[in-house]
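Asker: What follows is the residue order along each chain.
2 protein chains.
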Amino acid sequence: MSIPAEKVRERLHALRSRMEKKHIQTVILWDPDNQYYFSGFKAISYSRPIVYWIYEQQTAYIIPELEDLHAEENAYTDSFHVYHERYNKGSNDTSFLDPFIRLLQNLPSDTRIGVEYEVMPAYVYQAVLDHGHDVVDIGEDIIDLRSVKDEEEIKWLDEAGRLSDVALDASFRHLKTGMSELEFDSYGDQAFLQAASEKYPEVVVGYENWTCSGIRRSAMPHLHSSTRTFESGDPVVHSRQVWINGYRAENERTFLFKDQATEEQKKLLKLAVDAQQAGMQAVKPGVRACDVDLAAYEVIKEAGFEDYIDHRIGHGLGLSEHEEPYLRFDNERILKEGMVYTIEPGIYVPGVGGFRHSDTVIVTADGSRSITHYPRSYEEMLIE
Amino acid sequence: MSIPAEKVRERLHALRSRMEKKHIQTVILWDPDNQYYFSGFKAISYSRPIVYWIYEQQTAYIIPELEDLHAEENAYTDSFHVYHERYNKGSNDTSFLDPFIRLLQNLPSDTRIGVEYEVMPAYVYQAVLDHGHDVVDIGEDIIDLRSVKDEEEIKWLDEAGRLSDVALDASFRHLKTGMSELEFDSYGDQAFLQAASEKYPEVVVGYENWTCSGIRRSAMPHLHSSTRTFESGDPVVHSRQVWINGYRAENERTFLFKDQATEEQKKLLKLAVDAQQAGMQAVKPGVRACDVDLAAYEVIKEAGFEDYIDHRIGHGLGLSEHEEPYLRFDNERILKEGMVYTIEPGIYVPGVGGFRHSDTVIVTADGSRSITHYPRSYEEMLIE
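Protein sequence lines correspond, in order, to chains A and B.
According to the working numbering, the first sequence holds residues 762 to 1145 in order.
According to the working numbering, the second sequence holds residues 762 to 1145 in order.
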């Protein structure tokens, strides 16, 4: 599955055009999502670095022996440099730095190197500097290329959206007071994993979710799910990202156990739903990122709760959890067809609760469409 | 829950002793696990950096507004510098770099700064360099401090081990041919999340797992679980990490659907089990990391399969997926009581399959004990 070879070629071609314009002869990629985008290969990498070198004509991978079969099956690359965790393996490279330094030394002395300034760790960056090369940031160009999705990527995004709906549907079908946040999540996990298994052989699927329940926890936008159990009167923010073949959809709902809920909680839930609608309607080609943020902001300000907004309205989405460009008040970047965003204005009032839906939308020729469809109306989010 | 205040004080004291010896006046921490260890606070952080500053007397946190309630509840720190994604919030800081640069500028001009060379991204490191300070690596010292676990940490490690056993037990109870890798995982997920929910209110629990089934996939040690379904004759490597309150246990089993399995597959499974036993028995205070690696290596070499070892025998474990020090052939570090390791020799033979158990062991006064207990014998890993 992975990425078709011709797409990898197209993407490398686009990157090399930018390299040429900036007089960059070599790019060294550290970020696994960037490596996947430009090679079709993505490993589970903790403590064994993988480095992808893009030259003007060729490419090369530095990989641990652990990944050699996996990389050979998936990476479109011209060469591999394998390092080992034992001698007697046909080479004395026992750290990624062994081939890394060699490749640095092999470069002509006036080489200009592009690296991801936001990702490459200090010791590797310092090693590149130590070799006297001219080092520049290639991160912005890659963000730019990755931000507009092609039809192959959109196919997988749509599928991720569909699977996230399957998950939400299953979690909501089991919803009741007395269950824990983690249990609520787990019904969705299992249902969408089964759905994915039935349809696709050997595709990589994954997910991440968290549920913040009750007045105190829901007012903190990013907490891991816990063992806390739902009670009547709880607002609950349930967040889920699902990915398939690397591409992600985000699908979040805030619901309220209505029996013990206060009028203010209901009002805020409705406000969050309305603000999200305003944000989603503002998305179209040609508008600025900040205009989308503003559309939701104005709805919230109108109701007098603008002091309880803690974050931007959304972020780009695709291969990474959060991708630039961000939909925030100070970003004047123009939206283009094929960009993908979460729309998720949040209102967090201490002592009352937190309220936020998130859907994932694709910018289309004349507006946008959501790839996540689970019901989001105020009425449907009031739970018995 | 989190970390008791006196533990945070002890750890800061130990770090400051090392700072003093190295004439370091300020440490800037970027790694979330290091931040948690020295402050009790860990956020879900994607695109909004969180930075923890440790001075000779005080500490300070740079956090996004999104995390302010969460941080105030959990972080033992002397001050917060909050940045916002909107103006009109009482400050004009709209990026973490705003307070970050200010804190850099506030340092005396001859300050020596410790940073994590393996973690801090290039652009942040460059910003520190640009201010003319003397920058050194503090990473090794932190690894050293974190590698020996105290009784509070061991309490949670034991609990993580117990929960990982609950998960494996549930997955194995449902095991049959025709189920997908993802489904197999999901039974374990759900069971241990329920078990954790029943026992602990409001504790953060999480997990990561992957299952590589069949001859081709099992021979690749690190693949995400897929939709592939189990068939008779498959060797299957099932890997799981579970964490509670930050602390992790790793629990992996290789099993074999025996009806269609070959004699060579059975032999290799038995060899992997025996090699792991040899490794586990070698763990005790005073031996070198490489001695443990060698113990398993010799068992595999004796059987003639040393060319099919792709990786070291294990890694440290605690707050992070993989922690130094590593149990590898070239590491002469001496094991001490309180260190925690995975023991997981692997044999990967193309065309036959991959074979690896992993258990998590704690070095004790006179040997070691495993915190993961799921059956691991050869006979029990042969599945009908």
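There's no promise every hint is true.
Chain copies aren't distinguished; within one or between two, either way the pair holds.
Stated by the list, open to error - The calculated DSBU-like cross-link candidates involving lysine-lysine, where the alpha carbons are at most 35 Å apart (straight line), are:
id: 1; residue 1: Lys1027; residue 2: Lys960
id: 2; residue 1: Lys937; residue 2: Lys960
id: 3; residue 1: Lys783; residue 2: Lys1062
id: 4; residue 1: Lys960; residue 2: Lys1019
id: 5; residue 1: Lys1097; residue 2: Lys1019
id: 6; residue 1: Lys1097; residue 2: Lys1031
id: 7; residue 1: Lys1062; residue 2: Lys960
id: 8; residue 1: Lys1019; residue 2: Lys916
id: 9; residue 1: Lys937; residue 2: Lys1097
id: 10; residue 1: Lys916; residue 2: Lys960
No lab work stands behind these hints, which were simulated from the structure alone.
Asker: Each of the hints needs a verdict: does it hold here or not?
Answerer: Going down the list of hints, with the structure as the test:
1. Lys1027 with Lys960: Result: close only across copies, 32 Å inter versus 39 Å intra.
2. Lys937 with Lys960: Both, since 30 Å and 19 Å are each at most 35 Å.
3. Lys783 with Lys1062: neither (44 Å within a copy, 52 Å between copies)
4. Lys960 with Lys1019: Between copies only: 27 Å across, 37 Å inside.
5. Lys1097 with Lys1019: neither (40 Å within a copy, 55 Å between copies)
6. Lys1097 with Lys1031: within (30 Å within a copy, 57 Å between copies)
7. Lys1062 with Lys960: Result: close neither inside a copy nor across copies, 45 Å intra and 43 Å inter.
8. Lys1019 with Lys916: neither (38 Å within a copy, 39 Å between copies)
9. Lys937 with Lys1097: Neither way: Lys937 and Lys1097 sit 42 Å apart in one copy and 48 Å across, limit 35 Å.
10. Lys916 with Lys960: within (14 Å within a copy, 42 Å between copies)
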